[in-house]
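There are 2 protein chains.
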Amino acid sequence: MLQNDTICAPATPQGVGAIAVIRLSGDKAVEISDNVFVSPSGKKLAKQKPNTLHFGTIADNQTVIDEVVIGLFRAPHSYTGEDVVEISCHGSLYIQQQLLELLISRGARMAQPGEFTLRAFLNGKMDLSQAEAVADLIASTSRSFHKVAMNQMKGRFTEEIKKLRDRLLNFVSLIELELDFSEEDVEFADRSQLKQLTGEIEQLLRTLKDSFALGNAIKNGIPVAIAGRTNSGKSTLLNLLLKEDRAIVSEIEGTTRDVIEDTITIDGIHFRFIDTAGLRHTEDTIEKLGIERTWKKIGQAEIILLVLDPTKDENEILQPIKEIRQKIKETDKKLVLIINKSDLVDKSVTNNIKKSIIATAGKDTPIVTLSAKNGDHLKQLESVLKKQVHANDLETGNVIVTNARHYEALKMAHEAIVRVMEGLENLLPGDLLAQDIREALHYLGEITGEITTDEILGNIFNKFCIGK
Amino acid sequence: MLQNDTICAPATPQGVGAIAVIRLSGDKAVEISDNVFVSPSGKKLAKQKPNTLHFGTIADNQTVIDEVVIGLFRAPHSYTGEDVVEISCHGSLYIQQQLLELLISRGARMAQPGEFTLRAFLNGKMDLSQAEAVADLIASTSRSFHKVAMNQMKGRFTEEIKKLRDRLLNFVSLIELELDFSEEDVEFADRSQLKQLTGEIEQLLRTLKDSFALGNAIKNGIPVAIAGRTNSGKSTLLNLLLKEDRAIVSEIEGTTRDVIEDTITIDGIHFRFIDTAGLRHTEDTIEKLGIERTWKKIGQAEIILLVLDPTKDENEILQPIKEIRQKIKETDKKLVLIINKSDLVDKSVTNNIKKSIIATAGKDTPIVTLSAKNGDHLKQLESVLKKQVHANDLETGNVIVTNARHYEALKMAHEAIVRVMEGLENLLPGDLLAQDIREALHYLGEITGEITTDEILGNIFNKFCIGK
Numbered sequence: 013m014l015q016n017d018t019i020c021a022p023a024t025p026q027g028v029g030a031i032a033v034i035r036l037s038g039d040k041a042v043e044i045s046d047n048v049f050v051s052p053s054g055k056k057l058a059k060q061k062p063n064t065l066h067f068g069t070i071a072d073n074q075t076v077i078d079e080v081v082i083g084l085f086r087a088p089h090s091y092t093g094e095d096v097v098e099i100s101c102h103g104s105l106y107i108q109q110q111l112l113e114l115l116i117s118r119g120a121r122m123a124q125p126g127e128f129t130l131r132a133f134l135n136g137k138m139d140l141s142q143a144e145a146v147a148d149l150i151a152s153t154s155r156s157f158h159k160v161a162m163n164q165m166k167g168r169f170t171e172e173i174k175k176l177r178d179r180l181l182n183f184v185s186l187i188e189l190e191l192d193f194s195e196e197d198v199e200f201a202d203r204s205q206l207k208q209l210t211g212e213i214e215q216l217l218r219t220l221k222d223s224f225a226l227g228n229a230i231k232n233g234i235p236v237a238i239a240g241r242t243n244s245g246k247s248t249l250l251n252l253l254l255k256e257d258r259a260i261v262s263e264i265e266g267t268t269r270d271v272i273e274d275t276i277t278i279d280g281i282h283f284r285f286i287d288t289a290g291l292r293h294t295e296d297t298i299e300k301l302g303i304e305r306t307w308k309k310i311g312q313a314e315i316i317l318l319v320l321d322p323t324k325d326e327n328e329i330l331q332p333i334k335e336i337r338q339k340i341k342e343t344d345k346k347l348v349l350i351i352n353k354s355d356l357v358d359k360s361v362t363n364n365i366k367k368s369i370i371a372t373a374g375k376d377t378p379i380v381t382l383s384a385k386n387g388d389h390l391k392q393l394e395s396v397l398k399k400q401v402h403a404n405d406l407e408t409g410n411v412i413v414t415n416a417r418h419y420e421a422l423k424m425a426h427e428a429i430v431r432v433m434e435g436l437e438n439l440l441p442g443d444l445l446a447q448d449i450r451e452a453l454h455y456l457g458e459i460t461g462e463i464t465t466d467e468i469l470g471n472i473f474n475k476f477c478i479g480k
Numbered sequence: 013m014l015q016n017d018t019i020c021a022p023a024t025p026q027g028v029g030a031i032a033v034i035r036l037s038g039d040k041a042v043e044i045s046d047n048v049f050v051s052p053s054g055k056k057l058a059k060q061k062p063n064t065l066h067f068g069t070i071a072d073n074q075t076v077i078d079e080v081v082i083g084l085f086r087a088p089h090s091y092t093g094e095d096v097v098e099i100s101c102h103g104s105l106y107i108q109q110q111l112l113e114l115l116i117s118r119g120a121r122m123a124q125p126g127e128f129t130l131r132a133f134l135n136g137k138m139d140l141s142q143a144e145a146v147a148d149l150i151a152s153t154s155r156s157f158h159k160v161a162m163n164q165m166k167g168r169f170t171e172e173i174k175k176l177r178d179r180l181l182n183f184v185s186l187i188e189l190e191l192d193f194s195e196e197d198v199e200f201a202d203r204s205q206l207k208q209l210t211g212e213i214e215q216l217l218r219t220l221k222d223s224f225a226l227g228n229a230i231k232n233g234i235p236v237a238i239a240g241r242t243n244s245g246k247s248t249l250l251n252l253l254l255k256e257d258r259a260i261v262s263e264i265e266g267t268t269r270d271v272i273e274d275t276i277t278i279d280g281i282h283f284r285f286i287d288t289a290g291l292r293h294t295e296d297t298i299e300k301l302g303i304e305r306t307w308k309k310i311g312q313a314e315i316i317l318l319v320l321d322p323t324k325d326e327n328e329i330l331q332p333i334k335e336i337r338q339k340i341k342e343t344d345k346k347l348v349l350i351i352n353k354s355d356l357v358d359k360s361v362t363n364n365i366k367k368s369i370i371a372t373a374g375k376d377t378p379i380v381t382l383s384a385k386n387g388d389h390l391k392q393l394e395s396v397l398k399k400q401v402h403a404n405d406l407e408t409g410n411v412i413v414t415n416a417r418h419y420e421a422l423k424m425a426h427e428a429i430v431r432v433m434e435g436l437e438n439l440l441p442g443d444l445l446a447q448d449i450r451e452a453l454h455y456l457g458e459i460t461g462e463i464t465t466d467e468i469l470g471n472i473f474n475k476f477c478i479g480k
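Here the protein sequences line up with chains A and B, keeping their order. Using the numbering used here, you'd call the opening residue of the first sequence number 13 and step up by one each time. Using the numbering used here, you'd call the opening residue of the second sequence number 13 and step up by one each time.
Hints may be right or wrong, so weigh each one.
Copies of the same chain are indistinguishable here, so a pair counts whether it falls within one copy or spans any two.
Claimed, not checked - Here are the simulated DSSO-like cross-link-like pairs (lysine-lysine), alpha carbons at most 30 Å apart as the crow flies: (1) 221 to 359; (2) 137 to 61; (3) 61 to 166; (4) 166 to 59; (5) 324 to 166; (6) 309 to 346; (7) 359 to 56; (8) 166 to 55; (9) 166 to 341; (10) 159 to 55; (11) 159 to 56; (12) 166 to 56.
Everything labelled a hint here was simulated from the structure, so no lab data went into it.
Taking the hints into account, I'd like the entire structure generated from these sequences.
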């Protein structure tokens, strides 16, 4: 798989900007650059020190394409571990295209998505989980996701996995040693120690595996459904939440132009809102279908904000609470009740409603009283929203799994370890135990890249953007 | 106007990419960077050589924001002429925003659009017309526009203007010297030499001024209207032209994602298509309004492709040709006739139509016979289209004015020079001549920036993107 031909690609986003960067990596990166680069002093890049910057023009024979600054990196001290040249040109798509065509005509080839990072992995500059963290870092849009990706890039996740593997490897070697002496019925691997170790490992794998629910939510935004009867004020509430956030996001002019619709960030945690139609009782077949759909969408949410209208009578208010509690029981979904329109009714009214809710639904469901119209008590709602997320794991810096591939591997490793534990209970012979331990080792190795196939690598790096 | 506080901004386009570059410029660029940059070896940027690259992390106290590569430039050998630091980080909007907030909290401020280039101009790194060429280069989407902008950035345009100014300055000094000796009725400035010079200058200014029509068309695309009766095949022809071009544009995967609707590039020249509704005879008031609008759009075009349907009878074919020729007479607009649907009729039919057209309209109007449906003879049409543009000026490297501000200044300078010539004819006294020459000098100086006001600078640099 290891190739050292010279690849090139734009490394900066497409679009018009002040500058764009074209990246070259490979054995001939410097030679190809020297072929098209003209320095005012006539110097050649090949004779320059590494980690230096050089001003000049890029020309195709007599035709000047652009004035550029070239950054020169030498193997192995570069991103890919190969010779790397970065050309900063004016940020025109036309110029970038001309530059790439020129480099290709002089012997470079267009890089595949993720090929620079693939080379970094193959050259031992980073392990596989770190390489994947690079893609996550680029995609990070919130403080929480950024933090998790940064931890992963710094290798914290890999460290934990490697520690587990080393301990398991030690045991499996001892068990396999027993097999060589199988006639003699010796036990080199202490079964009670192995029992203890597998217990520890099982627990750790389970924790990592379970962290994926949070990790995935952090990565894609915690899905929140705003439910409630028609006219209870769902849209006003959503607009209020979104508007508050937009104002923060656009504080620094020109930095954040691509605001994604219908997501907000509260204290660095990303929430993604799911639109739902109003809930109501109906006998109409078509309307019933619409409400079916609303329930389905509520099913995708981790948090449900149920908006209540205190101007309605008590039964009408309590009915949807009962319905939703019925639907989400035996799930991990969190329900938050919102008594809206506090500007329209007396405090005594909302207090009575609260009492009735507690009588029906118990004390565990958080209740926020607010006016979406006036924007009152929004901060309280945000704070309640944040509490619904297991934010502690995030703050304490525990490793959180965000990658579906890692999750799958952890699940398989966990299943194998559970089989080992059962095998120990049932006094299974060493060779059968060894087989399951080997399987766990295999899946753990897949995460760090100690065990890889071209298919795994292809799947990972194809998802990268060009130029990374 | 000259400020040396430290400014920062993203220099690469917004969006997700492998890397993004944040640029800092000003007296404290290095100090602020050292404040947040942590090198693995503990080195400080302030002690490093200029034009060098440094790997490390950017951290806000204990919180690591990203792993970065820093490019270090020292005044005056930088883009702005000040100390400049370029931070290459991972291409996430979130990371960029965090970085900018951090830099601002340590004493930098967000740059205004074009402020880096404004500083380059104020520090004498480039003249005004070169600074404007930077914006044009970034916006360049075709070979022709790129070539013109590159010439301008290299100062060719400014050179010509400066030569004119120097010669005029020489004369105006002599004339003003006469004024000091006005009692004695001497002539230091040879009137016949001045006459010859103003004649030369007038011609040059006229050529430059007139080149703006081409320059503007190159910059924004040559406007082409596809006209014709309903069902003559206008849309099929447009789709054919556009499709051919798209295929070329997307040859290098990932380089050109933002294809602008309805423009094509033929041999590096940009054509922009103007939609028109079908022309037809009608007495209906509303339809008449629609046809009014079509005529108005045809009025905006420089080239009109009139699509003819050879399956119709001769009178119906010739009528719109007469109408359009009537409308565009005494303008510079070019008419190209297209006999479409060559797949539906015999060659003898199209040949007869050609003969009738030549009998009516003469030999000067180019005629292309093709089938838009089959894509036959498209190359011939493209070649005819290209011929309608004064592409010679482009190929010979003559200076072409693309900037409306330059055009206005050239027009004013030209008017002043014409007044000088008239004054010389009428034997006007030196002080009146000097006044007009001074005016011409003023406008020429505005182009290069030798004469500027804050308003002129504001107008120019406000149009730049942030980070340039």
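Going down the list of hints, with the structure as the test:
In the homo-oligomer, the alpha carbons of residue 221 and residue 359 never lie at most 30 Å apart, since the shortest distance is 46 Å inside one protomer and 74 Å across protomers. In this homomeric assembly, residue 137 and residue 61 come within 30 Å of each other (Cα to Cα) both inside a single copy, at 21 Å, and across copies, at 27 Å. For the identical chains of this complex, residue 61 and residue 166 are neighbours both inside a copy (29 Å) and across copies (29 Å), given an alpha-carbon limit of 30 Å. For a Cα distance limit of 30 Å, the shortest separation of residue 166 from residue 59 across copies, 27 Å, qualifies, whereas the shortest one inside one copy, 34 Å, does not.
In the homo-oligomer, the alpha carbons of residue 324 and residue 166 never lie at most 30 Å apart, since the shortest distance is 55 Å inside one protomer and 74 Å across protomers. Within a single copy, residue 309 and residue 346 get their C-alpha atoms as close as 14 Å, which meets the 30 Å cut-off; across copies the closest is 59 Å, which misses it. Proximity of residue 359 and residue 56 under a CA criterion of 30 Å is satisfied in neither setting, with 79 Å inside one chain copy and 61 Å between copies. Only between protomers do residue 166 and residue 55 lie at most 30 Å apart by alpha-carbon distance; the minimum there is 21 Å, versus 38 Å within a single protomer.
Taking CA atoms no more than 30 Å apart as the test, residue 166 paired with residue 341 passes in neither setting, with 39 Å inside one copy and 72 Å between copies. In the homo-oligomer, the alpha carbons of residue 159 and residue 55 lie at most 30 Å apart only across protomers (26 Å), although the nearest pairing inside one protomer, at 43 Å, exceeds that limit. Taking identical chains as interchangeable, the C-alpha atoms of residue 159 and residue 56 lie at most 30 Å apart only when they sit on different chains, with a minimum of 26 Å there against 42 Å within one chain. Taking the shortest alpha-carbon separations for residue 166 and residue 56, only the inter-copy value of 22 Å comes in at or below 30 Å, while the best intra-copy value is 36 Å.
In the structure shown, a violation is registered for the earlier hints numbered 1, 5, 7, 9, in ascending order.
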